[in-house]
Amino acid sequence: MDTSKTNTDRDPLFDALRAEVDKLDAPRGVEKELLQAFARLHPPKRRWYHRLAVRPFALAGSLAAAALVLAFAVRAPHPVDDGRAGALVALDGNGVFIALDSAERIAAEPAPRMVATEVPRTSLTALGMPLTPENAGDSVRAEMLVAADGQPLALRVSAIQ
Amino acid sequence: MTTTTSDTDLLRQMRSGAADAFAALYRRHQGPLYRFALLRCGSADTAADVVQETFMGLLTDRFRFDPLRGQLPHFLFGVARNLILKNETAHQRHVVLAGPDEDDGDDDLPDDAACPLARLLDNEAAEEVRRALALLAPHYRATVILYEMHDLSYAEIADICQVDIGTVRSRLSRGRAALAKRLACMKG
Numbered sequence: 048m049d050t051s052k053t054n055t056d057r058d059p060l061f062d063a064l065r066a067e068v069d070k071l072d073a074p075r076g077v078e079k080e081l082l083q084a085f086a087r088l089h090p091p092k093r094r095w096y097h098r099l100a101v102r103p104f105a106l107a108g109s110l111a112a113a114a115l116v117l118a119f120a121v122r123a124p125h126p127v128d129d130g131r132a133g134a135l136v137a138l139d140g141n142g143v144f145i146a147l148d149s150a151e152r153i154a155a156e157p158a159p160r161m162v163a164t165e166v167p168r169t170s171l172t173a174l175g176m177p178l179t180p181e182n183a184g185d186s187v188r189a190e191m192l193v194a195a196d197g198q199p200l201a202l203r204v205s206a207i208q
Numbered sequence: 002m003t004t005t006t007s008d009t010d011l012l013r014q015m016r017s018g019a020a021d022a023f024a025a026l027y028r029r030h031q032g033p034l035y036r037f038a039l040l041r042c043g044s045a046d047t048a049a050d051v052v053q054e055t056f057m058g059l060l061t062d063r064f065r066f067d068p069l070r071g072q073l074p075h076f077l078f079g080v081a082r083n084l085i086l087k088n089e090t091a092h093q094r095h096v097v098l099a100g101p102d103e104d105d106g107d108d109d110l111p112d113d114a115a116c117p118l119a120r121l122l123d124n125e126a127a128e129e130v131r132r133a134l135a136l137l138a139p140h141y142r143a144t145v146i147l148y149e150m151h152d153l154s155y156a157e158i159a160d161i162c163q164v165d166i167g168t169v170r171s172r173l174s175r176g177r178a179a180l181a182k183r184l185a186c187m188k189g
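Protein sequences appear in the order of chains A and B.
Quick note on my numbering: the first sequence kicks off at 48 and runs consecutively.
Quick note on my numbering: the second sequence kicks off at 2 and runs consecutively.
Possibly wrong hints are sitting among the right ones.
Here are the simulated DSBU-like pairs of lysine-lysine, each with C-alpha atoms no more than 35 Å apart in a straight line [said to hold, decoys possible]:
#	chain 1	residue 1	chain 2	residue 2
1	B	K182	A	K70
2	B	K182	B	K87
3	A	K79	B	K182
It should be emphasised that the hints constitute simulated quantities derived from the structure, not laboratory data.
Please construct the entire structure, taking both the sequences and the accompanying hints into account.
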């Protein structure tokens, strides 16, 4: 707030008060609470895979999911330490899995589950899915590894197995 | 040379969800606003509440700031002033007061919920002036604080307090006279 204008009419009586009060700011807790309120009012934008209507199709057993998580952690062909979503992290016998969250998050998930879903082909172009005018309106069947809270962890496109 | 993003640009970014823009606005304006509220109501807790509520209003657009109608700092001062008045009005409902006269109010005691005469500052000279200020009637106090502590012009104070410039001039004059009288009594 700009209060730097010169005011020649200022009363010198206030000099000591000005010097003393100018050091004061609102308590830090106020900023913290306001930023929390801001975060509640402006939640982070959800990516396309968060908005998918996940339809349980073939729920894999927790054992298989746990094995898959282990495969992600152990057989990662590229470093994923930077935590970027969308990095290719593993291959298994059925196709390519693409991580939608960090490897650490995936490995730490206690109760992952596998669900089948359909994904618009246009949503997958950023992940390398070929797109032509003829197939732009199509959907692609995919399997998704989902955390217990519904957060998508990884995706495998069934159609290109 | 430093480039400072304008309040209007920060507001635009804030409204599109940029938390750092909101934080920058807060850090830019919280100090003067807090100091105004502190001297106006005499309580650090109330002043912090006023600052928080003012910025919450900015965040939720509850008070509808329009950049075409004035500057953000003046708008924030105006909101803070109104919140303090609202707080005092609520407090007055619980206190029996002998009918105060608006224009002869320089002998009124401050009517804040907090105790404005509790010590707030370490410096003795500063604390003495602050206490004398706290004993002014609220409408004189706000005018004197905005003029003497925040270097605002008569026109800016008139805009904040929603009165005409002549009223600002007379309140400032009477406020200063009452303040001098209080300080003389304290010293005498």
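Distance restraint between B:K182 and B:K87, which requires alpha-carbon spacing of 35 Å or less: 29 Å, holds
Agreement of B:K182 and A:K70 with the hint, judged by alpha carbon distance not exceeding 35 Å: Holds, at about 28 Å.
Hinted pair A:K79 and B:K182, Cα distance within 35 Å: Violated, at about 42 Å.
The structure does not agree with numbered hint 3 stated previously, though it agrees with all others.
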